[in-house]
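Engineer: Residues per chain are reported as follows:
2 protein chains.
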Amino acid sequence: MALGREAITTAYKTLQDSICTAISEADGKGEFASEIWERPGGGGGDTRVIENGAVIEKGGVNFSAVHGALPPKIATALKASSEEFFATGVSIVMHPENPFVPIIHMNIRYFEMDNGTWWFGGGIDLTPHYINQGEATWFHNQLKETCDQYDLEYYARFKNWADEYFYVRHRKESRGVSGIFFDRLNEDAEKKSKEALFKFQLAIGELFAPIYTRLMTDNKNKEYTNLNKAWQMHRRSRYVEFNLVHDKGTKFGLDTDGRIDSILMSLPPSTGWPYTQSWPENGPEMKTQKILETLYLPK
Amino acid sequence: MALGREAITTAYKTLQDSICTAISEADGKGEFASEIWERPGGGGGDTRVIENGAVIEKGGVNFSAVHGALPPKIATALKASSEEFFATGVSIVMHPENPFVPIIHMNIRYFEMDNGTWWFGGGIDLTPHYINQGEATWFHNQLKETCDQYDLEYYARFKNWADEYFYVRHRKESRGVSGIFFDRLNEDAEKKSKEALFKFQLAIGELFAPIYTRLMTDNKNKEYTNLNKAWQMHRRSRYVEFNLVHDKGTKFGLDTDGRIDSILMSLPPSTGWPYTQSWPENGPEMKTQKILETLYLPK
Chain A
1 MALGREAITT AYKTLQDSIC TAISEADGKG EFASEIWERP GGGGGDTRVI
51 ENGAVIEKGG VNFSAVHGAL PPKIATALKA SSEEFFATGV SIVMHPENPF
101 VPIIHMNIRY FEMDNGTWWF GGGIDLTPHY INQGEATWFH NQLKETCDQY
151 DLEYYARFKN WADEYFYVRH RKESRGVSGI FFDRLNEDAE KKSKEALFKF
201 QLAIGELFAP IYTRLMTDNK NKEYTNLNKA WQMHRRSRYV EFNLVHDKGT
251 KFGLDTDGRI DSILMSLPPS TGWPYTQSWP ENGPEMKTQK ILETLYLPK
Chain B
1 MALGREAITT AYKTLQDSIC TAISEADGKG EFASEIWERP GGGGGDTRVI
51 ENGAVIEKGG VNFSAVHGAL PPKIATALKA SSEEFFATGV SIVMHPENPF
101 VPIIHMNIRY FEMDNGTWWF GGGIDLTPHY INQGEATWFH NQLKETCDQY
151 DLEYYARFKN WADEYFYVRH RKESRGVSGI FFDRLNEDAE KKSKEALFKF
201 QLAIGELFAP IYTRLMTDNK NKEYTNLNKA WQMHRRSRYV EFNLVHDKGT
251 KFGLDTDGRI DSILMSLPPS TGWPYTQSWP ENGPEMKTQK ILETLYLPK
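Quick note, the sequences are listed as chains A and B, same order. Per our numbering, residue 1 is the first one in the first sequence, and the count goes up by one each step. Per our numbering, residue 1 is the first one in the second sequence, and the count goes up by one each step.
FYI, nobody ran anything at the bench for these hints, they're computed from the structure. There are no misleading hints in this set.
No copy labels: a pair is met if it fits in one copy or bridges any two.
Only pairs whose alpha carbons sit at most 35 Å apart, straight line, appear in this in silico DSBU-like list of lysine-lysine: (1) Lys-220 / Lys-13; (2) Lys-191 / Lys-13; (3) Lys-199 / Lys-79; (4) Lys-13 / Lys-144.
Using the sequences plus the hints, can you model the full thing?
Structural biologist: Right, dumping it as structure tokens:
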């Protein structure tokens, strides 16, 4: 029997559970609160939020499975002939309290239409407030190792995709140190079975907890100053700009009349846009800024 | 001689000056810093920012006059056959420190293309953190009195336009208590001369300083609590959402490769998106929320 909606949503829910357990354990204080919600047009979700933990100031591990009539905006964007859609996924953003712990984002999703079209999408990317080159390399190596188990071309291909996707055009800088991003993976495009693609996607999802709990543990006790905190607020403001201006997942959520508090769970607990800000010359803030401005150069 | 670019930009600059003087005087402490900038594709502007005043925490009174090749995105949106454009305007947003002083926005703009098409646009709207019905009525009466001097249909027509424009669809609430909004006013559409339309527009611009200095003076000494401040941060976050997700002026700025710090000057100095927030039942916060949810009901 072909891999269907039920098997996929069950696996996603299991992943959500195990990630929440791992993050909560690594945090040591914060626990996830669950909110089960229903979408008026069909389906619903389970939004799990951790707030004011010892490490995580605000984070969400969201599961959703929605279905119904394909909204006109989405149909146009997809040039779709279908009338019904089904979409399920797990979506994560973590905003740590300590500026030396990076922000992280992970998403895996499955989409299908009643004309038989389906695909998988997803990715993990890292947004350090302060870029630590060793850590960024380690992060990418983790992604590469897992990708390589499924297809030796995946890592390079999906890293390039992330580099481009997470480039904040209006600021001419990258959101963070990138990661991997993939979309519309299906049998025809990849010459792989649905089962094989799903296994790869789940492997990426399962990589999230070991990666991020290590980044939490390694950095959570680092001392920081008011300057570090101000820089964190500044980097968070760019995160807001990316998510509200460019992010396709956010747009999809708004266009499908999704649960707004779950969609915008990704936004930081505090941030701001003071007009005049300056950072010490040759300090770590400007070093990070320089890297973000040169990490990816759009064509 | 027909009213040309030079006369319009001169009037806009004069207005910018007089507004800065009035706001700075009413603030009593803050002064505007000016930054003259050039746009690589043609033209430039004068961004005036006030920060950490006694009343205004962050505010901008921006003038710009840009020209050059019409960017493809804009051409498509306008279904324009033209290849060159000229756009000038004055744009204001004020974020006060005291939650009982409202946020305000004002904009007047002029746009023309080399095929001879031109129009005026603009408006003023008010975003109180706490809605004071008497004050909102007074504000609207001020707008109506001025509109009525030019056309008895203007106020109702432009208020409806603002009601619709400043409705935050993804939140199902209005941004504030609305105001007036108008766009694409020209000879053909309005059966009025260019001079008459310009006079009306300038009268709206000149209304800004007397309106806002009064709102500053009336409210700046009101005492406030941490709860009031938290509510202000919350309302500010909705302001960010509107500006980054819906606002056409912001989109136009980003699409024309405008000066990013001037375009996003509208964003508040501090805000945030904590997930769990609650407000006292039947308190003034929920009263304001209720009004915002019922002020305008979209078709």
